[in-house]
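Undergrad: Protein chains in written order, with the numbering used here: chain E, 3 to 639; chain V, 13 to 271; chain Z, 284 to 541.
Each hint should be verified, as a subset may be incorrect.
[What the hints assert, rightly or not] Computed footprint of chain E on chain Z, listed as stretches where at least three residues anywhere in the stretch have a Cβ under 8 Å from a Cβ of chain E: (1) 438 to 445; (2) 518 to 525.
[What the hints assert, rightly or not] Coverage of chain Z stretches by chain E, computed from C-beta distances (three or more under 8 Å per stretch; other residues unrestricted): (3) 298 to 311; (4) 325 to 332; (5) 402 to 409; (6) 416 to 424; (7) 494 to 507.
Bear in mind the hints are in silico, worked out from the structure with no lab data behind them. In this text, a Cβ means the ideal position worked out from N, Cα and C, and glycines have one as well.
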Amino acid sequence: MLELNAGIPEGPVSEAWTKYLDHVKLVGPRNRPSYDVIVVGTGLAGAAAAASLAAQGYKVHVFCFQDSSRRAHSIAAQGGINAPKNYRNDGDSVYRLFYDTQKGGDFRSREANVWRLAEVATGIIDQATAQGVPFAREYGGNVANRSFGGVLVERTFYCRGQTGQQLLLGAYQALQHQVAVGNAVMHPRTEIQDIVNIDGRCRGIVYRCLKTGEIRSMSADAVVLASGGYGNVFFQSTNAFNSNVTAAWRAHKRGAGMANPCMVQIHPTCIPVSGNFQCKLTLMSESLRNDGRVWVPRKEGDTRSPDQIPEAERYYYLEERYPSFGNLVPRDVAARNAKYVCDDGLGIGGRKQVYLDFSDAIKERGHQVIAERYGNLFDMYEEITTESPYQVPMRIFPAVHYCMGGLWVDYGLMTNIPGLWAIGEANFSDHGANRLGASSMMQCLADGYFVLPQTICSDLHDLYRQKVTTEHPEFAKAEADVKDRIHWLMSRQGSRTPMSIHKELGEVMWDYCGMARTADGLQQAMSKIDDLRDAFENDMIVPGSADGTNQALERAGRLGDFLELGHLMCRDAYERNESCGCHFREEHQTDDGEVVRDDENCSHVSVWEWKGKDQPHELTKEALSFDTLPLMTRSYK
Amino acid sequence: MRLIRFYRTAIGKKIVVAVTGVVLFAFLILHMFGNLKVFFGPTALDQYALHLRTIGEGIFGWGGVLWITRGVLIVSVLAHIITVILLVIQNRRARPVKYRKHRTQAATIAARLMEASGLLILVFVVLHILQFTTGDIQPAPVLFSEQDGHMMADVYRNLYAAFSIWWVAWLYIFAMACICVHLYHGGWSFLQTLGFDNQDRNFGARIWAWCLSVGLFIGFSSVPLGFWTGYLPAPEGTPSLTADAQSTDTSETTHGKSH
Amino acid sequence: MRIKLHIWRQNGPQAKGDFEVHQLDDVDEDMSFLEMLDVLNEEIIESGGDPVTFDSDCREGICGACSCVINGRPHGPGHKSTTCQIRMRSFNDGDEIWIEPFRSRGFPVVKDLMVDREAFDRIIRAGGFISVHSGPKPDANDIPIPHRIAEEAMDAAECIGCGACVAACPNGSAMLFTGAKVSHLGLLPQGQPERVSRVKSMVDQMDDEGFGACTNYAECQDACPKGISIRFIGRMNRDYLKASLCEPEKVQGQLKGH
Chain E
3 MLELNAGIPE GPVSEAWTKY LDHVKLVGPR NRPSYDVIVV GTGLAGAAAA ASLAAQGYKV
63 HVFCFQDSSR RAHSIAAQGG INAPKNYRND GDSVYRLFYD TQKGGDFRSR EANVWRLAEV
123 ATGIIDQATA QGVPFAREYG GNVANRSFGG VLVERTFYCR GQTGQQLLLG AYQALQHQVA
183 VGNAVMHPRT EIQDIVNIDG RCRGIVYRCL KTGEIRSMSA DAVVLASGGY GNVFFQSTNA
243 FNSNVTAAWR AHKRGAGMAN PCMVQIHPTC IPVSGNFQCK LTLMSESLRN DGRVWVPRKE
303 GDTRSPDQIP EAERYYYLEE RYPSFGNLVP RDVAARNAKY VCDDGLGIGG RKQVYLDFSD
363 AIKERGHQVI AERYGNLFDM YEEITTESPY QVPMRIFPAV HYCMGGLWVD YGLMTNIPGL
423 WAIGEANFSD HGANRLGASS MMQCLADGYF VLPQTICSDL HDLYRQKVTT EHPEFAKAEA
483 DVKDRIHWLM SRQGSRTPMS IHKELGEVMW DYCGMARTAD GLQQAMSKID DLRDAFENDM
543 IVPGSADGTN QALERAGRLG DFLELGHLMC RDAYERNESC GCHFREEHQT DDGEVVRDDE
603 NCSHVSVWEW KGKDQPHELT KEALSFDTLP LMTRSYK
Chain V
13 MRLIRFYRTA IGKKIVVAVT GVVLFAFLIL HMFGNLKVFF GPTALDQYAL HLRTIGEGIF
73 GWGGVLWITR GVLIVSVLAH IITVILLVIQ NRRARPVKYR KHRTQAATIA ARLMEASGLL
133 ILVFVVLHIL QFTTGDIQPA PVLFSEQDGH MMADVYRNLY AAFSIWWVAW LYIFAMACIC
193 VHLYHGGWSF LQTLGFDNQD RNFGARIWAW CLSVGLFIGF SSVPLGFWTG YLPAPEGTPS
253 LTADAQSTDT SETTHGKSH
Chain Z
284 MRIKLHIWRQ NGPQAKGDFE VHQLDDVDED MSFLEMLDVL NEEIIESGGD PVTFDSDCRE
344 GICGACSCVI NGRPHGPGHK STTCQIRMRS FNDGDEIWIE PFRSRGFPVV KDLMVDREAF
404 DRIIRAGGFI SVHSGPKPDA NDIPIPHRIA EEAMDAAECI GCGACVAACP NGSAMLFTGA
464 KVSHLGLLPQ GQPERVSRVK SMVDQMDDEG FGACTNYAEC QDACPKGISI RFIGRMNRDY
524 LKASLCEPEK VQGQLKGH
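With the rest of the complex left out, here is chain E (with noise of 0.2 Å):
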């Protein structure tokens, strides 16, 4: 069992982090330089804490596996970012956003955090223009918001296109500062192998240089996992190519729970898997669906183009089911549709598809506006498929976007290890079983900025002096375990290519543990997932060596975790007897399909205990309060 205590300052929420942060323990600026601090990822959230800490006097270590810290997949948000600002004057307030937020995870997440990424977030606005990120603005010069699925209030800023872009850039600007100034220190192209923990403390990690293939040790004081998500689990994903679980498993492996691993979001509108070598998904904004309806052919095996299908042979099925909403249902319930239509063999040309077709829209609104609304959208999807939107209807399918899921933290985003934090969508801290729109970058940056640079001190102020070096016989032992692994992989000689055999566990994921679940399901899937590893222990092949750069060695380092990740997530799934959020399992639906929610029992975040290679994963609690919001009912009729 696990000894987990978020430690939230008792009384109202809303009070929580101004109470923390007034009772902290404090390090003082001439100390800050004797402590070392690791961040591992450079993403929106490592980027942040890092030029933050580093700013504060700590010396800061920043590894990242790309070959500039710049390349982090935070780079491709697009769409905004949330924050109570109020500049609309249209009622929004901090509690909008916790309830908005508290509301939209399906209330399996933890008020106090909740409501604290609610305080802090109008601050991230001013520090990122601070920094010199060009939000878009009005012809007055002030900042401009426009809206954002699913809520009532306009909150969302935005740089065109590219907002996840600019908030990175604003972080790695500002760490490249600090390389400057001399207080970060950058390791480009390192990948972490383990983490060392000595006397029940973190105290450095053991990576691997990817360009020579060295396997090297580093201790500290604290290290950051800001890591990210681990979506390609999924092997297709919106997630970026090398995205990966390994730094968040390893440190796993070494005692960390792992909380929540089941909850993924599915992002309804994704460009349709074209091959079977094709490994990422490319989104489509959801602003799309205010236009677009979606609809296969009635008929199954219809291979008529659509334009030659009548109206009354069309099923919208989306408008049919959910007539109050229609098309605007949320995320989960729009990407599960998408599933049972294609599961009864109406999607397009048998493969998994659906419609969704501007036509109407351009009719009743003209061209123009359509085009003004979403040109560079149907310029992209025209790009990859060379059909436009504007003649044929769009063809999309849901795919995997963000893990809720990661690793457990306290209020103060430390894990359960003393010494190990994580932040951004390496934890599990905010979403709970469903995230909204606009906010992933509203956490990461929390995290980053605010959080953790003001919570570290809290473990830090008592460690002064307690130096440990790499020459500790733990750094020893952990890189002999990491060589030993590495030697292993190269020692495959099998058949199979690790790309194969991830694909192949991706298919399993998606179709066990994706959209819908089953108890059923999810039994077969932790089968199949123990023949896969099988499969990779026994018939993977590893070209190449292990001295310098070795892409397939990192990918099967990488596939080892996620085919131990991905049994655990339908572990945890299955454990979890309830529909929430994007965590649906079949057995648990009202009559037209909505989620039921079992608050009695699973009011809780469940959090996993690594016991060892054969062992099975030990479950512990977390019970969740729900004092501020009570508890209700989503519904979308």
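Once you have looked at the hints, place chains V and Z on chain E.
TA: Same frame as chain E, but now just chains V and Z:
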């Protein structure tokens, strides 16, 4: 110190190239207008040549302003060329391994020919000075006479003699084409380098460079064409040279540079 | 479709490289260019060979990881697109495709088609930032920024740092990259306090990295996946001219790292 630091950077050098380019550009324009005096007859041209030497005579002495101008031009030319050489070296070093396949896509032909056209212009300028200023090369005899108590080349006569030779005229026109090509890029490029170009002005800047370079080409080339075609008359007191330039060439070399 | 590939293979930064020929007989035209390389690598691994090393990450044209000069063009035949956005339908059946790494003294080859672009990080480090610490800041609306300025800054800020400008430039110049960052920050009111020191240090760093000089070919603008305009180079030149000749020589009380 500050200037040296400025010059050491690539941008500093670029700006030096741009500014000296502008100086040479301005010179060419003046030169062209001077040359066009030829169409007003031999006297107008020779008067102009004399005038160049007598401006500011009171202060700088006879030909003083001309020599100051020549000084500025020599410095500009040297700075232009040396800086370009330094930049070319830097640019070559920037890509130690060449591409097997490399396709330029956007660069204009003029831009790609900058180094070649510049080199040809340099060769031409040297020959041009040796021919018309110092008289060291004489495809046609270069005549000097005394004006105002100073020995000066007889501009109109010399032009007539030289451009009546078909290959001299056409080489000159070819050199002008090089200048035209060089200036088409240069005329826009200095605007871009000095930061005056932008999306709204780009079309205008390109037109300006086109007008300038083509204008110079037409202006300069009209002179040899005028002589070669016979539009410009032979100077008075000179037997027609068109009949046999070669033979007269040898007979009158005594008037050469020894003066 | 059938494709013949000439791929640059180079075992390390110091090693001598050369082209290796591969024949692919069954290329789906809807494949992306990088997926085609993935498929090739799968075949190479299965036949016991050493797969081709190349960089890629987001595969949607924003992270700037993918590189490659394809048939003499950085990021291949597309317009305003990265290598990962190229589809095989841009090629014809029976085509020969030459794939080389970005070549520049500032971008040493790591292996095969993979290069290091840390030089760009060092240019940013020299001054491509606004020195602010994290914490409470004035409200975002305290300093209004005209719409036109915000948009112009955004045009410059769109740079993804891929290095195609350097790869495309016949002189191997990094001025588009540097100019874009100098302009982005120099346009905004927040960037004014450090405008002089920024442009000076960034330009110095750019030269130190061994990049070439701009001769206004405009190849970079054409190759840039984000279509960043060379007017930002002019802007940088002017800023630099002003900073180095007109501004006071020493900035009093300079902070470390400027």
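Undergrad: Taking the earlier hints as the rules, which of them does this structure contradict?
TA: Hints 2, 3 and 7 are the ones this structure does not satisfy, whereas the remaining hints hold.
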